[in-house]
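Residues per chain, in single letters:
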Amino acid sequence: MTLHRPGRWALVIAAVILIAVIATAAFALQNLLAGKIGGPVQVANASADAVTRGKYLAAAADCAACHTAPGGAPFAGGLPMQSGFGTIYATNITPDPDVGIGRWSAEDFWHALHSGVRRDGRQLYPAMPYTSYRDMTRADSDAIYAYVMQLRPMKVAGPKTELRFPFNLRLGMVGWNLLFLSDKLPAVSTGRSPAWQRGRYLVNVLGHCGECHTPRGIAGEMKLSQSLTGFALGRVAAPDITPAALAARGWTAAGLRAFLMRGTAQQSWAFADMRTVVALSTRNMTAEDLDAVTTYLLGDDPLPVRPPAIDPAQVRAAATGAGRLSYVALCAGCHGLDGNGVPNTVVAIRNNSTPRLADPRNLIVAMLDGVGRNNFPHSESMEAMPGFSDKLSDSEAAELANYLRVTFGGQKGDVTAADVRALRALSP
Amino acid sequence: MSLPTRPLTVTIDGRQRGPIDVPDGLMMIDLLHEILDLTGSRLGCGIGICHACVVIWDRDDGTSEEVRTCITGAGFFDGKRIRTIEGIARHNDKGEILSLSPVQQAFLDQFSFQCGYCTPGFVMAATVLIERLARTPVPRGQVEATVAAALEAHICRCTGYVRYYQAVRDVILATPGLTRDVG
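Taken in order, these protein sequences are the chains called A and B. So that you can map any letter, position 49 of the first sequence is 49 in the working numbering, and since no number is skipped, the others follow by simple counting. So that you can map any letter, position 106 of the second sequence is 1106 in the working numbering, and since no number is skipped, the others follow by simple counting.
Simulated from the structure, these hints should not be mistaken for laboratory data. A couple of the hints might just be wrong.
Unchecked claim - Facing chain B, from chain A, some residues (calculated, C-beta under 7 Å): (1) Val-328; (2) Ala-329; (3) Cys-334; (4) Asp-338.
Idealized CB from N, CA, C, for every residue including glycine.
Looking at chain A on its own, in the form it has when it is part of the complex (with noise of 0.2 Å):
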């Protein structure tokens, strides 16, 4: 008999559930048996150096990102974090003996890195980036327990996770781990040296950079074929940061360390969660792993920058637009009738990095909501913009996401009313 593909796919999920039931049961069993509930406080006598290498590594792995709640004591958990299936709260993993990690030992702690497993044997979701965590070396896992040990224990205990039925029973992760979990997640660049080698650990591993900018399946993973290729979880898109798509948007090696280091760059100032990444992670990065990191991403042999060509027909025509207009009343006062911004204050949108985006939503999010004032290592700052989501009606901002698609970016004039109606629909 031969059974049709949706016969076929039930029997695969039941086994893959059956498979699962059966791993969990003994694996809490085994954990139960082995006192993994309750059990003595651990004291982690790691050396200073080490200690100095964990809060190094946690930085570059960015465990506050998500462990902090915001105004909330570091590392104390409690962020929510928003998805399809429900909102997941980041943990304690504070050395609080009852409502953070204090009980943990250093294997303890590997474990949920590597295998998304949680000391009392139930799964972590893939919100915990075990998916990319997974390849850390024991060395490195141990330095960041290290690190994360001789915090100062903090009695928080963060909301609890509760997801939709069926999204809601930890068991079935170990099906989704079986089918989704990666030894080693693919290179999106060519290269060999020490450099590059490093830049991928960082990258992939540490870094976690696929988690946002990595395309997801169906099933929340992530599609490792299109690695670092850009995705939206939310109304702001994680871009493309493959080597041709930075290079088609004018990034350089020494932009993007610039970026990565201060925030600020030439092509773009962080925004959105990245702001929060380079705050806590890649600012903290040595110059040698910032170069590892560029390398990585741009390959040992980079591209040439090749921007997008500016139509200058196009140009000409957009200029006597509606799109214009508004720029003109609404944008230029700030960042100048020549798209030129003011240095250290406003943001230049000439040669900027967002409007060469094939997809015009960070453009669009950035012209409803405006973009928060931000404070950039080394003194820089930026000027909070205003959002203009009650001066634009949906058509007058699509026409001035065209025009500085058209001016600035190189793209195509072809967003719509519908395109910025549906943006704003999603407004939080």
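Dock chain B against chain A, hints included.
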């Protein structure tokens, strides 16, 4: 060389102005100062931060909002109705001041400002707030927070915030209909 211009018609303090040929890229503050001789709105930072330059935009739906004239092109106001600081007090037909607005009077009574550079902006913000409360009153217990939220964006380099906020709070509490007793 001549700058490209566009015609602009705008109603300011109840009086229609224009059509005026406005150079491309002229900010509203410059139109007010240089062409219309309305010099009360202050140019402070020039990048939309200090809010000394705001005017009130009266929308057709009856609501009003502050707009920063240093970063808003004059063209934005084409066909719109605005109020500047010159139009807040009551005037007679000859343009003489009959009485200050309650907000202006309260700022004087409470010595709210020192150098006065930011005062036009604070007057506009407080005026917008009081008109909004007349449409949708707030519970008395929320007045302090409401004032703070409404004036927060305005910067006073003499740090006169306490007396500005106090004056606006007093006007709100003394004016019937702006607050309600239960929350």
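Checked hints:
no., hint, verdict
1, Val-328, "holds, 5 Å"
2, Ala-329, "holds, 4 Å"
3, Cys-334, "holds, 5 Å"
4, Asp-338, "violated, 10 Å"
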